[in-house]
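S.K.: Could you slot chain B onto chain S? The hints should help.
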Amino acid sequence: MAEKVRCVNPTGISKVIETFPLATRLDTVKGKNICMSICGEPDITIALEKKLKSDYTNVNWNVKKTYGLFPLPLTDEEFKTTDAVIQGVLW
Amino acid sequence: MWEQLPYIAKLEKAGIPTVLIDFEDQFNMVKQTALRSGIPSVRYVHASRTLPGPEDVDTWMDKIIDALTVPLTEKEKESGTWVPASNDRIIFEGTMDEAEEFFHQTEYIPHPVNAPIAKFTDGLPVRIPTEERVAEMLKGTSHKPDELITFQSERRRWDGKKYAKGNPVLMHPMNWTTTVERVAACAVMAGCKPEYLPAVLAIAESGCYIASTHTFGQWLCVSGPYAKEIGMSSGCGMLGPGNVANSTIGRTYEIMARNLGGAIPGVNRMTSLGSPFEGSRCCAENADGLPPGWKGLNEESDYKKDESIIMVVPHVNDGIRGVQFSPGGYRAFQKSGHGGIARKLGVKGKPGPHNWLEYLIPEFWAGREGAKTIIMNPEMARHLYDYGFKSKEEVYEWLWKKSYLPLKDYRNFSWPDLATNGWLGIEPTSGKHWKELPEDYMVPVAEDPYAFCIVVGGGDEEVSHQISSHRHLGMDPFYSIDAWR
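Each protein sequence line maps, in turn, to chains S and B. Just so we're aligned: 105 in this note's numbering is position 33 of the first sequence, and the numbers increase by one with no gaps anywhere. Just so we're aligned: 343 in this note's numbering is position 256 of the second sequence, and the numbers increase by one with no gaps anywhere.
With the rest of the complex left out, here is chain S (with noise of 0.2 Å):
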């Protein structure tokens, strides 16, 4: 019979994670403040951007944008006010 060995593991060490439910969802987008965050380059979010406030003349929109990796965060005080926030990545 075959001599058995043991391997160590190579692999790393993930830690249990918490998860949490979604946001509860808007009634309606009408009247509300909706932030467009935008990352990277703007392929298709000009397009969105325009569509979006074409389309919808009713929400309050706040673009927010850089061609970094990391969003624009909310201040404080859009925190406060913000009712969703459209995330485009695109990188």
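Quick caveat, the hints were computed from the structure, so don't treat them as lab data. All clues stand as given, with none of them false.
For lysine to any residue, the following SDA-like pairs were computed, each having C-alpha atoms within a straight-line distance of at most 20 Å:
1. S:152 / B:102
2. B:97 / S:90
3. B:252 / B:569
4. B:226 / B:214
5. S:123 / B:147
6. S:102 / B:149
7. B:315 / B:376
8. B:118 / B:132
9. B:495 / B:528
10. B:118 / S:142
11. S:137 / B:110
12. B:118 / S:88
13. S:137 / B:246
14. S:137 / B:522
15. B:164 / S:92
16. S:123 / B:132
17. B:150 / B:140
18. B:249 / B:505
19. B:522 / B:502
20. B:118 / S:86
21. S:87 / B:237
22. B:150 / S:96
23. S:122 / B:135
24. S:152 / B:93
25. S:136 / B:509
26. B:435 / B:413
27. B:164 / B:93
28. S:125 / B:146
29. S:76 / B:223
30. B:489 / B:442
31. S:87 / B:127
32. B:435 / B:411
33. B:100 / B:167
34. S:104 / B:149
35. B:519 / B:508
36. S:122 / B:511
37. B:100 / S:90
M.R.: Relative to the frame of chain S, chain B by itself:
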């Protein structure tokens, strides 16, 4: 979206509904990162890579609004705990033949790969990490097997945050932690000898960063007396095959990225073409080949000359680019002022030393901004010294001054200047917004003089390579080997 999902998670947890727009082929990466961020059910809309922008937006505009307004499903309302399958110290028990089969398993990765990918290896056969072999490997360090890999000094990670000495290293991309013994297991798999382990542990301390979307590579360079101690090559073909230490230490990067970091092509590692330099090669700096007064990489990075370090050399987008002249053409230029280089630089008929970097300058920034790391053989370094550069710093200053371009040309780069947030931020030399500057305003294309880096090594043929610099990529690339002895 490694950087965006944690932000989205913060918003969702605070009661702000979100929707993420990304490409369909990044589905697995989104799901993995969302889980890691605690919101596995993140709402996600696929954009097209190819449809014209307005047409693309038309196809999913309604989905965006639905994602923000359609009530949550029962699953989306769930909270809970995700428990990993197994973190056991022993991953396999059986015969050696069975172990060979186990460690050489593959898994089929659908689009965008559409091919099997190795589950535990870099695709090549590995040595099986039996307990006995790993125990032998561990003789290469004084660190205990169950010790977590932690930062041995304060570090700035790729996320831009500073981490204090002693903080556990989170391996990229899954942010897993690891131990000395698990790193040793990877070193066994790569074919390393025990004396290579301190270098491998130093590489592990780097977190083995991999890239997401563009061609990105990492090669490794050892500086300091350790290179000679373990028989590394800093000579001819130092980045090529043949030297056991160079090859196996280099190989550990990829095996650790796969196993310790969970990096999988087409799942969470989207380098479209990939690169043979994605964590596969290690070399040594030729300290004896440095001209008088030129510091080695160890001294340049605030270590002492007798201290050993490893540089994790990242490069991006422009890959690794060779010189645009033949060694013979270079010699004709330096020895007698003949040939195209001499004509271009206006030194026809005049023997050198000449500043050969002048010839390459237009190419450095032909496609992308940013400082460069330049690898050159000792003779070419000596020519720069004889020409008048009595230190690396003098070369760096010269390169930086040469990097100035008019704004009208600088605007033509495809890649945005991340250091200043592209055209949305402040141009650093003027303190003004980009949009306020005239078209003829001169902009330094490189970040600053000390973003450049010179590595001296290789054989006698007169060649150099240039790659993007670590500073351009926001990396902190120097890790102590001595700390892991």
